[in-house]
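Asker: One-letter residues, chain by chain:
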Amino acid sequence: MGRRSTLRLVFAVWALIALLPMLAMLQRSLMPDGRITLSTYTQLFASAREWTLLGNTLLLAGATAILAGLLGLPLSVLLARTNLPGRRALFALFVLPILLPPSVLAYGWVALLGRDGPLGGLLGSSGGTFLFGPAGCLIVFVASFLPVVLLFTAASLLAANPRLEEAARLCATPSSVLLGITIPQVLPAFVMAVLLLFCLVLGETGAPTFLRVNVYAVESLAQFAAFYDFSSATAAACPLLLVVLLAFWGLHLLGVRPSAVLQAPSTGRAPEPFQLGRSGSRLAVLAGALWAGLAGLPLAALFLRSAAPRAYVAALAAAGASFGRSFSFAALGASLIVLFGLLIAYGRMIGALRQGTEMLTLFLFAVPGPVLGIGLISLWNRPATNGIYRTPVILLLGYLAQYVVLGDWITKAALASIPRSMEEAAAAAGAGWARRLTTIAMPLAWKGLAGAWLLAFLFCFRDTGIAMVVYPPGRDTLTVRLFTMMANGRPEVIAALCMLILASVAAPFAVLGILDARSRQ
Amino acid sequence: MSSLQLEGVAKGYGSRKALDGFSLEVGEGERVALLGPSGCGKTTALRLLAGFEAPDAGRVLVGGSVVAERGRIVVPAERRGIGMVFQDLALWPHMTVRGNLEFGLRAQGVPSQERERRIHQMLARVELLEYADTNPGSLSGGQQQRVALARALVLRPRALLMDEPLSNLDEELNLKLRAEILQLQAEFGFALLYVTHDREEAFALADRIVLVARGRTILEGDPAG
Ligand SMILES: Nc1ncnc2c1ncn2[C@@H]1O[C@H](COP(=O)(O)OP(=O)(O)O)[C@@H](O)[C@H]1O
Ligand SMILES: [Mg+2]
Chain U
1 MGRRSTLRLV FAVWALIALL PMLAMLQRSL MPDGRITLST YTQLFASARE WTLLGNTLLL
61 AGATAILAGL LGLPLSVLLA RTNLPGRRAL FALFVLPILL PPSVLAYGWV ALLGRDGPLG
121 GLLGSSGGTF LFGPAGCLIV FVASFLPVVL LFTAASLLAA NPRLEEAARL CATPSSVLLG
181 ITIPQVLPAF VMAVLLLFCL VLGETGAPTF LRVNVYAVES LAQFAAFYDF SSATAAACPL
241 LLVVLLAFWG LHLLGVRPSA VLQAPSTGRA PEPFQLGRSG SRLAVLAGAL WAGLAGLPLA
301 ALFLRSAAPR AYVAALAAAG ASFGRSFSFA ALGASLIVLF GLLIAYGRMI GALRQGTEML
361 TLFLFAVPGP VLGIGLISLW NRPATNGIYR TPVILLLGYL AQYVVLGDWI TKAALASIPR
421 SMEEAAAAAG AGWARRLTTI AMPLAWKGLA GAWLLAFLFC FRDTGIAMVV YPPGRDTLTV
481 RLFTMMANGR PEVIAALCML ILASVAAPFA VLGILDARSR Q
Chain E
522 MSSLQLEGVA KGYGSRKALD GFSLEVGEGE RVALLGPSGC GKTTALRLLA GFEAPDAGRV
582 LVGGSVVAER GRIVVPAERR GIGMVFQDLA LWPHMTVRGN LEFGLRAQGV PSQERERRIH
642 QMLARVELLE YADTNPGSLS GGQQQRVALA RALVLRPRAL LMDEPLSNLD EELNLKLRAE
702 ILQLQAEFGF ALLYVTHDRE EAFALADRIV LVARGRTILE GDPAG
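Order-wise, the sequence lines are chains U and E. The first sequence begins at 1 in this note's numbering and counts up one residue at a time. The second sequence begins at 522 in this note's numbering and counts up one residue at a time.
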């Protein structure tokens with residue numbers, strides 16, 4: 001089989017893995033007992049509760065998107081494009097929370113402001129009332145998903161052609177250049193990030209459950225799927241899918257193309273940083289305080305709460321096996337994601353796949369995890385496919401469907417940095433495409449591939465949405481175990497578990513940062 | 522009085538010296554070509570004059586006053602009254618042709634009626650009036666060049682810096698635009714500093730040619746002599 005058809009086949013396989021579950025889900029919701037009927041939908045949405053839940057969830061996601069957008073745009077400029085002291089470290093700190101399940105931060109907030117927390121005395125019982133509700137949930141979500149805005153906007157800021165700004169500097173002050181030239185250039189990336197963030201919040205389960213906020217993903221999806229009535233769950237999943245579809249349609253109408261936004265950084269020199277002058281150190285302190293307020297203090301409170309070796313021993317005893325599973329599932333998932341992501345990105349580069357394929361991989365990333373999970377069950381829960389349904393394979397398929405965009409995006413950037421002539425020289429020497437890919441492109445792009453693997457690993461590791469719905473019986477992942485422990489575990493043990501999760505993501509994250517810094521040189 | 526002046530400037534990037542004790546003078550209304558092989562420091566010289574960078578040593582003067590010296594920018598780019606046409610043109614893709622011309626006028630505080638008048642005049646001059654509301658990305662190579670020229674000239678700069686602006690064009694268009702640049706220069710009277718690695722282009726456009734190699738002037742003279 002030729003190169004183009006092989007690469008198209010790879011993409012088709014991925015698309016089937018990703019889209020068939022959704023189709024199976026739709027079919028199940030419309031044909032609960034073999035005949036086509038809307039009864040599941042009419043029964044479900046006859047209850048006002050579903051509508052209220054859906055409305056509240058959309059409101060919460062919308063508020064998070066607005067707040068994170070308002071903070072994220074200036075913050076990205078500040079951290080990516082100015083000479084702010086300590087900007088690299090601050091950027092890493094602000095990005096860190098996306099690698100943790102939001103429930104970790106939620107638990108941190110309670111550890112901080114709860115009755116026995118370091119600041120608990122300050123607020124008395126009002127701390128709890130504030131936290132256990134939409135406001136607390138909003139703070140946790142903003143801290144957790146702000147990185148989405150930062151990452152996309154900063155990447156776009158750094159990929160901009162510096163000449164465009166210089167042409168403006170000849171006639172305009174730095175602030176006019178910033179507002180008139182720099183920011184308009186990154187608006188597509190920013191808008192895409194905010195909409196993506198909105199979709200990601202829709203699927204969150206852990207933090208709202210713990211903070212006693214009833215959201216749709218928990219009440220209508222996870223619980224139905226687990227305890228009550230699977231047909232209802234499939235019907236309940238469809239509105240969320242529709243919301244995500246609408247968000248992507250909106251992106252399309254706005255002319256925002258993921259293939260243009262998820263650009264490889266320009267190979268030229270990065271644009272000159274804006275000079276902050278004397279206000280620089282004050283802004284750095286302000287940014288540091290914002291980080292402390294969003295993530296630093298709750299994480300510190302978790303550390304204080306856990307600070308006893310016994311707590312760690314107990315945490316490992318309770319969750320050690322889940323830890324091991326999460327590591328191996330995430331490692332396997334990441335390998336699959338890099339393999340498929342590389343072949344898809346390569347296929348697009350040589351023109352075997354359309355640019356629009358990137359919209360699809362990004363769309364799957366935005367689909368709420370529990371929706372994907374319900375789709376996976378709808379498809380694979382049949383006697384003939386028990387080998388998938390009852391094993392970790394179903395989870396790996398979910399990871400591959402949801403997170404392939406990470407492999408796609410990062411390897412695309414890495415492949416783009418290799419001069420075309422390298423491969424052409426190998427072709428002239430008689431090497432077939434598979435050999436060229438493995439002996440020329442992959443070794444030259446190794447930093448990108450390693451980065452893609454680490455990022456995919458981190459996202460699989462932190463995944464709660466899919467795992468919560470599909471984890472194979474008796475073989476939960478760490479995030480699912482954390483979720484169950486948070487309902488009834490001892491506080492210091494949970495805090496210790498959170499710290500262990502933090503430590504496990506911090507190491508790959510640090511390596512990722514080093515790889516990124518090296519590839520920018 | 523000279524319009525643009527570099528006095529013994531040095532500029533290094535890391536251990537590499539892009540310019541090393543480099544001097545240059547361009548008189549009011551004079552046309553000077555900076556000719557030299559790739560990597561010899563021509564672009565760096567333009568960037569120092571434009572105000573994007575400060576010299577490590579030496580002074581930069583515009584209109585007789587010091588605008589930068591020894592690692593310090595005294596007058597920032599936007600107050601030097603210099604226009605520039607970049608090698609890749611750097612037209613702003615998120616604005617129309619009119620928007621590209623208007624941005625600078627607005628930033629310089631030109632009132633709206635006056636802006637309208639000047640944009641109209643300038644676009645008419647370069648025969649782009651009918652494209653005022655199109656996106657520059659949709660224009661041909663030659664038209665884009667003229668937008669870049671118009672964007673710089675609508676601000677009535679005292680000097681215009683051009684960094685190999687015609688190097689990506691075919692022969693015919695190249696000749697046509699050379700003539701156009703000469704005409705515009707005669708009309709507006711700005712000083713022109715034109716960077717190129719093409720001898721013929723330098724001879725056609727300049728009153729005086731400065732040959733550069735490895736960050737130093739090696740020869741100066743007028744094309745006739
Ligand atoms: N921002 C920069 N960082 C590092 N090196 C640079 C930078 N700008 C220019 N150089 C180096 O300085 C030298 C002169 O560059 P340049 O002025 O662009 O030459 P020219 O325009 O004559 O081709 C080159 O060796 C180039 O690699
Ligand atoms: Mg140059």
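Hints in this document: simulated from the structure, not taken from any laboratory. Note that the coordinates shown come from a computational prediction; the quantities given were computed from them, not determined experimentally. Treat the hints with care, as some may be off.
Unchecked claim - Residues from chain E that face chain U, not an exhaustive set, calculated with beta carbons under 7 Å:
| hint | residue |
| --- | --- |
| 1 | Val-596 |
| 2 | Ala-598 |
| 3 | Phe-607 |
| 4 | His-615 |
| 5 | Thr-617 |
| 6 | Glu-623 |
| 7 | Gly-625 |
| 8 | Asp-691 |
Ideal Cβ placement from N, Cα and C applies to all residues, glycine included.
Asker: Decide, hint by hint, whether the structure agrees.
Answerer: Each hint, compared with the structure:
| no. | hint | in the structure |
| --- | --- | --- |
| 1 | Val-596 | 12 Å, violated |
| 2 | Ala-598 | 5 Å, holds |
| 3 | Phe-607 | 5 Å, holds |
| 4 | His-615 | 5 Å, holds |
| 5 | Thr-617 | 13 Å, violated |
| 6 | Glu-623 | 10 Å, violated |
| 7 | Gly-625 | 4 Å, holds |
| 8 | Asp-691 | 23 Å, violated |
Taken one by one, the earlier hints fail for this structure at numbers 1, 5, 6 and 8, listed in ascending order.
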